[in-house]
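Chains as they are written, first to last, in the working numbering: chain A, 14 to 290; chain B, 14 to 290; chain C, 14 to 290.
Hints in this document: simulated from the structure, not taken from any laboratory. Predicted model only: the values in this text are computed from it and were never measured. Positions of the beta carbon are idealized from the N, C-alpha and C atoms, including for glycine. Don't take each hint at face value.
Here are some chain B residues the structure puts well away from chain C; computed CB gaps all over 10 Å [what the hints assert, rightly or not]:
{"id": "1", "residue": "Leu250"}
{"id": "2", "residue": "Gly273"}
{"id": "3", "residue": "Leu286"}
Per label pair, the in silico range of CB-to-CB distance [claimed, not checked]:
{"id": "4", "chain 1": "C", "residue 1": "Gly273", "chain 2": "B", "residue 2": "Gly26", "range": "49 to 57 Å"}
{"id": "5", "chain 1": "C", "residue 1": "Asp112", "chain 2": "B", "residue 2": "Leu250", "range": "45 to 53 Å"}
{"id": "6", "chain 1": "C", "residue 1": "Glu209", "chain 2": "B", "residue 2": "Pro237", "range": "40 to 48 Å"}
{"id": "7", "chain 1": "B", "residue 1": "Lys60", "chain 2": "C", "residue 2": "Glu242", "range": "58 to 66 Å"}
{"id": "8", "chain 1": "A", "residue 1": "Arg228", "chain 2": "B", "residue 2": "Arg285", "range": "50 to 58 Å"}
{"id": "9", "chain 1": "A", "residue 1": "Glu281", "chain 2": "B", "residue 2": "Pro237", "range": "41 to 49 Å"}
Stretches of chain A that chain B covers, calculated by requiring three or more beta carbons in the stretch to come under 8 Å of a beta carbon on chain B [to be verified]:
{"id": "10", "region": "45-54"}
{"id": "11", "region": "214-221"}
{"id": "12", "region": "227-241"}
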Amino acid sequence: MLNLTAIRTCLDGHVLFATLDCPPLNLIGPELGGDLVTLIQHLQAHKNEIRVVVFESGVPDFFSAHFDMRQTAKFDAELTRLAEGATIASLYDRISTLDQVTIAMIAGRIGGAGSEFALACDMRFASLERARFTQMEAGAGLIPGGGAAQRLPAAMGRARALEVMLSADTYPADIAERYGWINRALPDVELRQFVERLAQRIAGFPSSGIADIKRRVDELTRTPFEAVEEDLRLFELAVKLPGTQARLNMLYDRGMQTDGTVERDFGEALSRLGADA
Amino acid sequence: MLNLTAIRTCLDGHVLFATLDCPPLNLIGPELGGDLVTLIQHLQAHKNEIRVVVFESGVPDFFSAHFDMRQTAKFDAELTRLAEGATIASLYDRISTLDQVTIAMIAGRIGGAGSEFALACDMRFASLERARFTQMEAGAGLIPGGGAAQRLPAAMGRARALEVMLSADTYPADIAERYGWINRALPDVELRQFVERLAQRIAGFPSSGIADIKRRVDELTRTPFEAVEEDLRLFELAVKLPGTQARLNMLYDRGMQTDGTVERDFGEALSRLGADA
Amino acid sequence: MLNLTAIRTCLDGHVLFATLDCPPLNLIGPELGGDLVTLIQHLQAHKNEIRVVVFESGVPDFFSAHFDMRQTAKFDAELTRLAEGATIASLYDRISTLDQVTIAMIAGRIGGAGSEFALACDMRFASLERARFTQMEAGAGLIPGGGAAQRLPAAMGRARALEVMLSADTYPADIAERYGWINRALPDVELRQFVERLAQRIAGFPSSGIADIKRRVDELTRTPFEAVEEDLRLFELAVKLPGTQARLNMLYDRGMQTDGTVERDFGEALSRLGADA
Chain A
14 MLNLTAIRTC
24 LDGHVLFATL
34 DCPPLNLIGP
44 ELGGDLVTLI
54 QHLQAHKNEI
64 RVVVFESGVP
74 DFFSAHFDMR
84 QTAKFDAELT
94 RLAEGATIAS
104 LYDRISTLDQ
114 VTIAMIAGRI
124 GGAGSEFALA
134 CDMRFASLER
144 ARFTQMEAGA
154 GLIPGGGAAQ
164 RLPAAMGRAR
174 ALEVMLSADT
184 YPADIAERYG
194 WINRALPDVE
204 LRQFVERLAQ
214 RIAGFPSSGI
224 ADIKRRVDEL
234 TRTPFEAVEE
244 DLRLFELAVK
254 LPGTQARLNM
264 LYDRGMQTDG
274 TVERDFGEAL
284 SRLGADA
Chain B
14 MLNLTAIRTC
24 LDGHVLFATL
34 DCPPLNLIGP
44 ELGGDLVTLI
54 QHLQAHKNEI
64 RVVVFESGVP
74 DFFSAHFDMR
84 QTAKFDAELT
94 RLAEGATIAS
104 LYDRISTLDQ
114 VTIAMIAGRI
124 GGAGSEFALA
134 CDMRFASLER
144 ARFTQMEAGA
154 GLIPGGGAAQ
164 RLPAAMGRAR
174 ALEVMLSADT
184 YPADIAERYG
194 WINRALPDVE
204 LRQFVERLAQ
214 RIAGFPSSGI
224 ADIKRRVDEL
234 TRTPFEAVEE
244 DLRLFELAVK
254 LPGTQARLNM
264 LYDRGMQTDG
274 TVERDFGEAL
284 SRLGADA
Chain C
14 MLNLTAIRTC
24 LDGHVLFATL
34 DCPPLNLIGP
44 ELGGDLVTLI
54 QHLQAHKNEI
64 RVVVFESGVP
74 DFFSAHFDMR
84 QTAKFDAELT
94 RLAEGATIAS
104 LYDRISTLDQ
114 VTIAMIAGRI
124 GGAGSEFALA
134 CDMRFASLER
144 ARFTQMEAGA
154 GLIPGGGAAQ
164 RLPAAMGRAR
174 ALEVMLSADT
184 YPADIAERYG
194 WINRALPDVE
204 LRQFVERLAQ
214 RIAGFPSSGI
224 ADIKRRVDEL
234 TRTPFEAVEE
244 DLRLFELAVK
254 LPGTQARLNM
264 LYDRGMQTDG
274 TVERDFGEAL
284 SRLGADA
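Excised from the complex, chain A in its bound form (with noise of 0.2 Å):
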């Protein structure tokens, strides 16, 4: 019924535990976009049956590095199946509006669109030892396209998103709970646990309610979709630049994308590329 590729799923009364699993870097291109877009369909199409979803990756070290910038044009295509014209700004803000409440568990690397779709999901938990966090676009000349534009500002205020997004650097679990980028970091020993409880928790509960709360909660809340697809449209301007070409060829020829030893710190080799550029 469920045919994915990228993400298994596994149903425990009505939560569905939902596993990224594109290794070796779980990078949002076709392969989990495509999955996505059946996903939120699914979702729609079991709203009583499926009451909270999780998401969380089976790939070692990464929740999600960041996008495949190599496939656009097909990650472009999947989304079409979502509607025409969809962009991965679309795609997040359905995430965003799923009448399931969305919980993302992080407990590995995550960063530029990664960062960006758990931001859209309701809540973020994540291992104290094993989650670091990059919203690294700004070191390749770029604003994020995706949401964290709109989203960090919202969530951390002006001067922790404007450091964070400006930065691009690797940020530690209890430095993004301080800063508000996720709900809490707990030791990596108590977060499946945790998470786990809370959503069934919060599936053993009447739907009235938290319909009501999602929905007016988003009312004061949502991010605007048009916001970020004009972040989108600046990201897309700025990657044709030579001077962002240049860069992200240079991240390529480290090993950007291939490598995990380079995408496990993407800000120490964003530092790197600096001192040799």
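Once you have looked at the hints, place chains B and C on chain A.
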């Protein structure tokens, strides 16, 4: 002059200490509601004498457990002295826009409409050891109808507000501080002295600056009255659903509103309800 | 080329270090105000050479104590070089919307209009041991007139902003961090290296992404210039009140603006004033 039955007051200089004293749970019902109307009118008539109001509890273990679900009609009747058709939304809006600076000093359990009362105050300080916070409406299939769905997202952001309201769970004071539910959690032995010093300090300053600051911050951050009224309308619709009534009856049977043990950890009571249902 | 008297500058790569050096208190007055106008014009003319500005203090113990209440006319005269009728609201708005990324590195006392200057910067980092924060205007019967009444609620929420402004008290750096007044408090021995590394890192990234990010975050979070002008109007009305004048004169008599001991803990000075008045 101040004819109250469930609130004791004590004026120390220009600071009024208002002690909620409606045992065993300080439920927000006709007694406290009626007294709050009287107190608001007294405060409006004594702007010069009373500059700061500290709300605290005289009931062991509880600041205020939640709304008195069994006395809605009587509660509404008391509020008509505020204005024809006044609701808990109008009551809390009046508190939020008093000329006086309002401080909630929380040294016990606080939940539901009790939490919403504290959220309508200007500041909240809590005992690290004794305060416990629960916005429990979702556990009965309801949206908070007294402002939490508006004021919690403003205070702690979308993700944490959704967590707190959808989990309907009990939060200790240190997490309440990290989330922004309260200004600060203080060791129990320091709480009273801290709040008294702060209250007297503010009361000693010229009223001109205080009035300007309160008014300007209100213009930027005031929760629209109409938004809380709409939450309340949704609450009142959902409370009539058979599922909600069944769930509330189960909670009454287990001791809601009567048994301090149940009320002492409402989050846990909701867990057990789910497990048994 | 850069003809300044109260600010020393030092260009290191694309990072300009601007050291406020107007002893003994770095009051926001004609000297610093005039130099800030000159510096803003210089920065606008050198967008490519200067990408990041780090503001720090060359005065022991103080980043900037507050506004120079005795030189208002001279201060306003300096600002006319910015624009006819320019105020501290326009000055700080210009700083807030510079193309350059601005970072305040705070290793001493900061208060009043000095705090508002830091709030107009993009980011704020402070010494855990040496930084102290006071928004003290309420203690003299005044609303902050340079942006704090707008930018503090945005940075720390309604309740904490009211506390900080109404208490007019002195806050250590760790609470300033917990409240969101600053990005982060760092041990004094790490502060400079941290800020320098961050500044050079951002300055090494392509300008396209930085400009897009700053502009888009501004569209979402920029404090309306008109709102600060209205605060300033209220400040100027209240400053003329006999009560305010009496209180300011008491503060002058006790050493405000002249005695470092009084200025070192302005919060405490206001306490003693109340006790004696």
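Violated hints, by number in ascending order, as checked against the structure: Of the numbered hints given earlier, those the structure breaks are 4, 7, 8, 10, listed in rising order.
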